[in-house]
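Model the full structure from these sequences, guided by the hints.
Top to bottom, those sequences are chains A and B.
Each residue of the first sequence is one higher than the one before, starting from 14 at the first, in the working numbering.
Each residue of the second sequence is one higher than the one before, starting from 3 at the first, in the working numbering.
The reader is advised that the hints may include incorrect statements.
Away from chain A, derived, C-beta distances all over 12 Å, residues of chain B [said to hold, decoys possible]:
#: 1; residue: Ala71
#: 2; residue: Ala104
#: 3; residue: Ala177
#: 4; residue: Glu273
#: 5; residue: Glu380
#: 6; residue: Glu420
To give an idea of the interface, some chain B residues facing chain A are shown, with a C-beta separation under 10 Å as derived from the structure [as the list claims (entries may be wrong)]:
#: 7; residue: Leu77
#: 8; residue: Thr78
#: 9; residue: Lys136
#: 10; residue: Phe161
Derived by calculation from the structure, the hints in this document are not laboratory data.
Cβ coordinates follow ideal geometry from the N, Cα and C atoms, glycine included.
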Amino acid sequence: MNARLVPWTFVAPALIALGLFFLLPVLAALALSFTDFDLYALADARNLRVVWADNYIEVLRTPLFWKSLANTLYFVVVGVPLSIAASLGAAMLLNSPLARCKGLFRTALFAPVVTTVVAVALIWRYLFHTRYGLINYVLTHLGLPAVDWLGDPHWSMPAIIVFAVWKNFGYNMVILLAGLQAIPLELYEAARIDGASAWRQFRHITLPSLRPVLLLVAIITVAGYFQLFAEPYVMTRGDPLQSTVSVLYYMFQQGFEWWNLGRATAIAFLLFALTFAVTRVLLRVARERGERA
Amino acid sequence: MRSGARAVLAAASVALAVLLGACSHDESGVKLTFWTIGREGEVVQQLLPEFEHAHPGVHVEVQQIPLTAAHEKLLTAFAGDALPDVAQIGNTWIPEFAALGALLPLDQQVAASQVLAPGDYFPGIWDTNVIDGKLYGVPWYVDTRLLFYRTDLLAAAGFDHPPRDWDEWRRAMAAIKRNAGPDKYAVFLPLNEFEPLLALGLQQSDPLLRDGGRFGNFESAGFRRALAFYVEMFRSGWAPPMSNTEISNVWDEFARGYFTFYITGPWQIGEFKRRLPPDLQGKWNTAPLPGPDGPGAGAAGGSSIAIFRSSPHAELAWELAQFLSSDAVQRRFYALTGDLPARRSAWDDPTLASEGYARAFRDQLERAKPTPKVPEWERIAQEMQLMADRVIRGGQSQDVALREFDVATDRILAKRRELLASSGHSPLPPAGVVAAQARVRVAVPIAADANDRQSGRDESRPYLNVAPSHPAGAP
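Following this line, the structure appears as structure tokens:
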């Protein structure tokens, strides 16, 4: 067999699967975003027309889109650092030589990741409940005022963030834990001999050594958090006052509530472009810093 | 390869058939699938054995869908060719599904029916099921919104009966506000609900959409009057500029006398009885909505039973629709759910006749009007809510707000207009919604879906709601 063909044969199954189940649908969706596919087109394909960029322009002119974008950015900007901090904290605790029952804790902390979001969201709704929720119970016992977590437009997004961080930190924790374990202990030993405090060890050994892992974690988390959907869908349905409508939730509303598939796919591509741009920026910043270091 | 796959498929289907056969009651029987929304589905299962008994070999399989997912699920099922035989369907959704050509017209069946008497139904409610002169559903239960009010506070303000027209209502609100002081109000119109303003708009003779549902008609004199009155209630300090997520909950605030009037639907009767403190029972009542001159219209809401064109058992499905519409079943259904019956004759039932709070609904339902029967209506209604919020809290002038609202509505209706204009083929497949719109009436349903989608926890319907719809509802 031709030496050029051999590698292609090996990758062919994967390429075919990718092309069929990923590339093709993506291209179809892109084509769809240039049409006015809606309820009328669903009824009769003859009612479908090509509108080119109209969907994109119309979406950009819709206030709710910008609101959903602001909500999503709020979620990403607050949620991602919190999530990574929680993951790193948990990973460092697990990595500490003082930690006991590591296997048990690692499993317990990872457990939220593998539970279904709908089931745990229901439980969290009880926790967040204004009158009967455990969280308000603790708050009022500490002498703080009770918070209407899911009913107050100012608190609904923080509530969603808390839930999402809890749900997702275990995944990054495992990756960061692997990264931590790969840092040679000699570095810490040398630092201790030089009299470095725990903070300076963290600042000058742990963080720099983790940089590639942190970058990976940041990119995965940013991309994931931009796709906020299930949490508001199950917990708040976008309420109160549309304070938890995310871009993806807005897309879902357009696509499956109003059946404006053309509009919905346009939103999907706008979100893709945004996520792509943010990831590029992250990569560039990381690379520049890496070069300077 | 292909034959191999086919063999596997065949084996799998045989296995499946054996499994299904093993658990179904009779292999010869017909299975009728019936999708219901929320709690009604739970309750209707208690009624179905009677139907199955009368139709040996027929098994009705009920599938309950949560209200919040029902609309999407039905649309997706249409796209995926997986619709059931029969379904409970919010009557605001009928224009949409009729436009899709998904629903079976029922005119002939109704004409031939021994059980169904169209004259026994509330005309406005029945009308929500009629698109372009064709009937696409049979009303199952009904609702509409009207006044819930504090009798004691109204009496203290010097009124021995609830207001019947806007002028009387104005005077009552002004008097109540004088008594209440700066921290309390006369009426609560949550800014995240479009329903109160919609009801005022429906009371006008101008339709909400014009030219057969082609354009918004919100700059008409009628709607201007409705908006002006609505805004007056806020500007005069009679209504607090708030959403219902900004108060603790309607029952507590109603009990505290934070407001005297509240516009809501029959699902709140049970809630008010249960949640208001005992000393307040007997100090509240319901009343028909005041109109510009005398009792006014309200929006026709509720659910209908619809049969899908795709059903291979349409006749049997019609039998089921008739069964659910029979006077006796309507009465039992009310007893089980508290949902108001669509047939007037069922209102003579002693349980319902003795329910004082329902009396105003009986009266109001006679004047219920459908909302505009275009598939785009719900999006327009959401714009209405945003428009009102911009005027009340954003300080926009009413003229500008209405002009923008008309523009936004026209944009939403653009495709519908184009399709109506293109003579090539009927825009709305088999039974176009179109012509029907010629006599544009306005109004619609709202009831179930919109209510739930729009409102926060306070106004959620107890029965129709299932878990995910109550953001912070009681567990």
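So, going through the hints one by one against the coordinates:
| no. | hint | result |
| --- | --- | --- |
| 1 | Ala71 | violated, 10 Å |
| 2 | Ala104 | violated, 8 Å |
| 3 | Ala177 | holds, 32 Å |
| 4 | Glu273 | holds, 16 Å |
| 5 | Glu380 | violated, 8 Å |
| 6 | Glu420 | violated, 8 Å |
| 7 | Leu77 | holds, 5 Å |
| 8 | Thr78 | holds, 7 Å |
| 9 | Lys136 | violated, 15 Å |
| 10 | Phe161 | violated, 34 Å |
Comparing the model with each numbered hint stated earlier shows that hints 1, 2, 5, 6, 9, 10 do not hold.
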